[in-house]
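Given next are the chains, with one letter for each unit.
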Amino acid sequence: MDIEHIRKDFPILNQQVNGKPLVYFDNAATTQKPLPVIQRITDYYLHENSNVHRGVHHLSLVATEAYEKARSFVANYINAEDSKEIIFTRGTTESVNLLATVLSPWIQAGDEIVISGMEHHSNLVPWQQLCERNKARLKVLPVDLDGTIDLNFLKKMLTPQVKLLAITHISNVLGTINPVKEIVRIAHEQGVPVLLDGAQGIAHAKVDVQDIGADFYAFSGHKIYAPMGIGILYGRFTWLRRLPPYQFGGEMIDKVSFEKTTFNELPYKYEAGTPNVAGALGLEAALRYVEEIGLDNIFDHEDKLLQYATKKLQDIEGMRIFGHAKDKAAVISFLINGVHPYDLGMLLDQMGIAVRTGHHCAEPLMDFYGIQGTVRSSFGMYNTMEEIDVFADAVEKAVQMLR
Amino acid sequence: MNIAKKEQEVIEDFSLFEDWMDKYSYLIELGKELPLIDEKYKTNQYLISGCQSRVWLYAELKDGKMILTADSDAVITKGIISLLVSVLSNHTPAEILEAKLNFLEQIGLKEHLSPTRANGLSSMVRQIMLYARAFQIKLKQE
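Respectively, the protein sequence lines represent chains A and B. This note's numbering puts the first residue of the first sequence at 1, with every later residue one more than the last. This note's numbering puts the first residue of the second sequence at 1001, with every later residue one more than the last.
Take the hints with a grain of salt, since some may be wrong.
Okay, derived cross-link-like pairs now, DSSO-like style, lysine-lysine, Cα gap no bigger than 30 Å in a straight line [claimed, not checked]:
| hint | chain 1 | residue 1 | chain 2 | residue 2 |
| --- | --- | --- | --- | --- |
| 1 | B | 1065 | B | 1006 |
| 2 | B | 1042 | B | 1062 |
| 3 | A | 84 | A | 181 |
| 4 | B | 1032 | A | 20 |
| 5 | B | 1100 | B | 1023 |
| 6 | A | 397 | A | 311 |
| 7 | B | 1023 | B | 1062 |
| 8 | A | 84 | A | 260 |
| 9 | B | 1100 | B | 1006 |
| 10 | B | 1110 | A | 397 |
| 11 | B | 1023 | A | 397 |
| 12 | B | 1138 | B | 1062 |
| 13 | A | 20 | B | 1023 |
| 14 | B | 1005 | B | 1065 |
| 15 | A | 312 | B | 1110 |
| 16 | A | 312 | B | 1023 |
| 17 | A | 20 | B | 1110 |
| 18 | B | 1032 | B | 1006 |
| 19 | A | 311 | A | 206 |
| 20 | A | 397 | B | 1005 |
Per label pair, the in silico range of CB-to-CB distance [said to hold, decoys possible]:
| hint | chain 1 | residue 1 | chain 2 | residue 2 | range |
| --- | --- | --- | --- | --- | --- |
| 21 | B | 1134 | A | 190 | 32 to 40 Å |
| 22 | B | 1020 | A | 129 | 40 to 48 Å |
| 23 | B | 1021 | A | 11 | 43 to 51 Å |
Just so you know, these hints were derived from the structure itself, not from any lab. All C-beta atoms, glycine included, are put in the ideal place defined by N, C-alpha and C.
Same shape as in the complex, but just chain B (with noise of 0.2 Å):
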């Protein structure tokens, strides 16, 4: 499944909650689920300074494909960074550079996005096309 289906299957889950509340116990439940991150790479070298919440994230090239792993300490923000991992993950550096993201507008969570939060998803997002950026490089030299 592409990246833009995925995002459309998220917007599809995501209308079915009528208010906020559902919205987000479901976040809270996803931010709940096992461990997004091996406990190794949960070091400050992985850690993406967002001041409130802190997030950690390790990304590695396998087969030229994108695996993408996160965690952050508070759970909404955990939840929101398993929306983005769910829809990225396992693509080439090319998709994920392309990738719109507009799902997170969508489904009312944009503002979470916005570097004015303080919870490291921007910072986030950034760095997640950094890795890409690096990956796409290295892949070509191969």
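Here chain A stands alone, though its shape is the one from the complex (with noise of 0.2 Å):
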């Protein structure tokens, strides 16, 4: 894998901040999006712009045939069953929303969603929100201190009220990469769905729906490298084809009077309204970069940034790292001795290091570490282990300038 060569797909990472070489270890929050993918929105506004579905003429037809084949593109790369189970979103957050709101009339007064103590709001608030209007109750799976859960608790927790098991497959604070293929297994043992939250997921592992069994799985294109506001809710055919609508509108239809609405099939039903075709168009570029770079040289070249990071920031004098999992992705969260997070991000910003401050939108996590917020750095595959130096050497210095 030539690092120097990917970087330079991506323009956004040669600028200078505050003086200083950008150094982007911001990458959980969004990755930085390479020239193909760029050219590929641009392509489209250029030469195909045109709304989907219901035209009959040329451009109209070629936007169409575009938009589908990003949607069969997607199926093969999670290798979903059908690309009627792949449904376009907004993002993960919209994702989760949907299939919050279209499970509703499924959870009555007493039943159980059990999520996990690691969850980012995003696949939590939806959920406390559904239980609360359903009377129903959510569950909590533990997370120990290393940053794991127990698969022997989920076991128990499994009881036959819980209707459903909302859980991440990578955590976006502690790097944790959930059992899921086994988390599945347990849960379906127990005749319970899963849904899982892919968005750090989609970027470091590899994702087979049907090896890993997931109901539903849920992830941003931003986070591996396609532009923002697209993403996607795959669930399993069986399932959506026998849920309710999300929204209402055009394209979602079947026939409508004022008397009565009929629903378009899967997965019209859920894509109400004029979809973000250049999001869509941007994603399988994305995807077929990142199919052509190799998900194991990706994973590979992330791993080695990981353990050299890792090992470098615990030679700092009070560094305390959150999520020791064995099995960890590029994400580091941590704290220093008597240094407040916000003043270290400060301080890296002014050496031209973006990193993540604050709560990562997972406060409850926080709470359970007794902490306010960690700094997070998190890695792509364009950065560099000369770039862990600068880093390393960057926190040192803030350290000695707060202490």
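Could you fit the two chains together into a complex? Lean on the hints.
Put into structure tokens, the structure is as follows:
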């Protein structure tokens, strides 16, 4: 894997911030976009833009074909059985909200939904609100101090009242790669369907929905080098077919009269209104790009970055890293004794380094560790060992200033 | 000394610094100095939620002048608070309401006051101005 070559595809990385070369370590928040993705969006608007699925004219057919090809590409990428199982959304958050809305009639008073203690707010609040509305109960699978979950405990929690298990594939704070295939197997043994939040998983793990066996898988394009504003809800056909529609309007209908409306078939049933066609094409281009570099090459490189950065950070006095799972993605959340994460983030920014500070939209997890927030550095395919050296030196320098 | 003069003094202090490190080291020193607020006011009642760094602000009126005390759990935020308090505190509400606070821009710290910074500083300034307006009304009624 030729990092220098890859970096040429990401011109945004080649800039100065506060007079220093940018070191972009905020990839868990969003990744940068390679030229082929930017070019694909540009080409669409230069040559193909038209509304999809309704026109008789040439451009409309071109756009529709491109949009549906993107859907098929995503289906193949995550090995869905059928491209009808791929719903385009705005992102993970909308995917989860869509599901929480359409599952609502299925959740009765006294039912239970299980989530884990490491969920991002977007895979927590929609379920909490649904439970509140339907007088159901939200149960939380606890996280161990090392940032992992206990599968034996999960088994015990999956009582007959449980109607859904919603859990993250990879923690955006701890980097923990959950054993999702095993989790799904345990849940299915108890007859409980599973939603996996793949916001981080899509970029840092091989996602084969049939192999994993998940009933639903949600992710955002922008975490895997695709544009913002496009995401996916994968749902097994047998599920999506019987669930009610989400939003109502154009495209999602079959026949409309003032007395009655019948709804379109999958996947259009869930895509009311004009979709983000450019986003879908950008997503396809990003997935193609990732495949071309090679998933294994990327994961291998990211793991080297993770190991090296962990080792370098651990040498800093007072360092406390959160998340020690054996299977861990390229995310390091940390605190340094006596140093406020916001102060450290500010000083790193002065040195051209972009990290995330704060609670990372996982306040209950912060409460569990008894902290206000952390500093989080997260890596992507274009990051280098040299950048980690720069980062570790910068952290040392900042800590000296702050202590 | 009026507010504008105090602002000018801060600008002169900062003009001595050659690079960002000196500037931030100075802010950190300011931030580390004595507590700026009575512990009894470091409660949720006086907390300005800034999402990332927390800011506590207390204002009272003494002899027609506003006395401001504040604190933060992040030391750089606290340093900037200390600048704001030193410039604004001990002035009448009318003077505070007229303050331009241009000095933050001139010393290259304006970005910290941006509402997108999530450090509570912009909310703190807004809160100071709300206090000033309330105290001004109170003074007029007396």
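Here is what the structure says about each hint:
Annotation: proposed proximity of residue 1065/B to residue 1006/B holds, straight-line Cα distance about 16 Å (limit 30 Å). With a C-alpha separation of about 20 Å, the suggested pairing of residue 1042/B with residue 1062/B holds against the 30 Å cut-off. Restraint check for residue 84/A and residue 181/A: the C-alpha separation of about 23 Å stays at or below 30 Å, so the hint holds. For the hint linking residue 1032/B to residue 20/A, the alpha-carbon distance of about 28 Å falls within 30 Å, and the restraint holds.
Between the alpha carbons of residue 1100/B and residue 1023/B the distance comes to roughly 22 Å, so the proposed pair stays at or under 30 Å and holds. Distance restraint check for residue 397/A and residue 311/A: the Cα-Cα separation of roughly 17 Å lies within the 30 Å cut-off, and the hinted pair is therefore satisfied. Between residue 1023/B and residue 1062/B the CA atoms are separated by roughly 33 Å; this puts the pair beyond 30 Å, and the hint is violated. A hinted pair counts as satisfied when its Cα atoms are at most 30 Å apart, and residue 84/A with residue 260/A qualifies at roughly 25 Å.
Taking the CA atoms of residue 1100/B and residue 1006/B, the gap is about 12 Å. The hint holds against a cut of 30 Å. With a C-alpha separation of about 24 Å, the suggested pairing of residue 1110/B with residue 397/A holds against the 30 Å cut-off. For the proposed pair residue 1023/B and residue 397/A, the alpha carbon gap of about 15 Å is at most 30 Å, so the pair holds. The hinted pair formed by residue 1138/B and residue 1062/B meets the criterion: a straight-line CA distance of about 12 Å does not exceed 30 Å.
Using a Cα cut-off of 30 Å, the hinted pair residue 20/A and residue 1023/B holds, with the two alpha carbons roughly 17 Å apart. Between the alpha carbons of residue 1005/B and residue 1065/B the distance comes to roughly 17 Å, so the proposed pair stays at or under 30 Å and holds. A threshold of 30 Å between alpha carbons decides the hint, and for residue 312/A with residue 1110/B the separation of about 34 Å lies outside it, so the pair is violated. Distance restraint check for residue 312/A and residue 1023/B: the Cα-Cα separation of roughly 28 Å lies within the 30 Å cut-off, and the hinted pair is therefore satisfied.
The suggested pairing of residue 20/A with residue 1110/B holds, with an alpha-carbon distance near 20 Å, which does not exceed 30 Å. Annotation: proposed proximity of residue 1032/B to residue 1006/B holds, straight-line Cα distance about 21 Å (limit 30 Å). Using a Cα cut-off of 30 Å, the hinted pair residue 311/A and residue 206/A holds, with the two alpha carbons roughly 26 Å apart. Of the pairs offered as hints, the one joining residue 397/A and residue 1005/B is violated, with about 35 Å between alpha carbons and a cut-off of 30 Å exceeded.
Take residue 1134/B and residue 190/A: their Cβ atoms lie about 59 Å apart, and the range 32 to 40 Å is violated. Checking the proposed 40 to 48 Å range against residue 1020/B and residue 129/A shows it holds: the Cβ atoms sit about 44 Å from each other. In this structure the hint that residue 1021/B and residue 11/A lie 43 to 51 Å apart at CB is violated, the actual value being about 29 Å.
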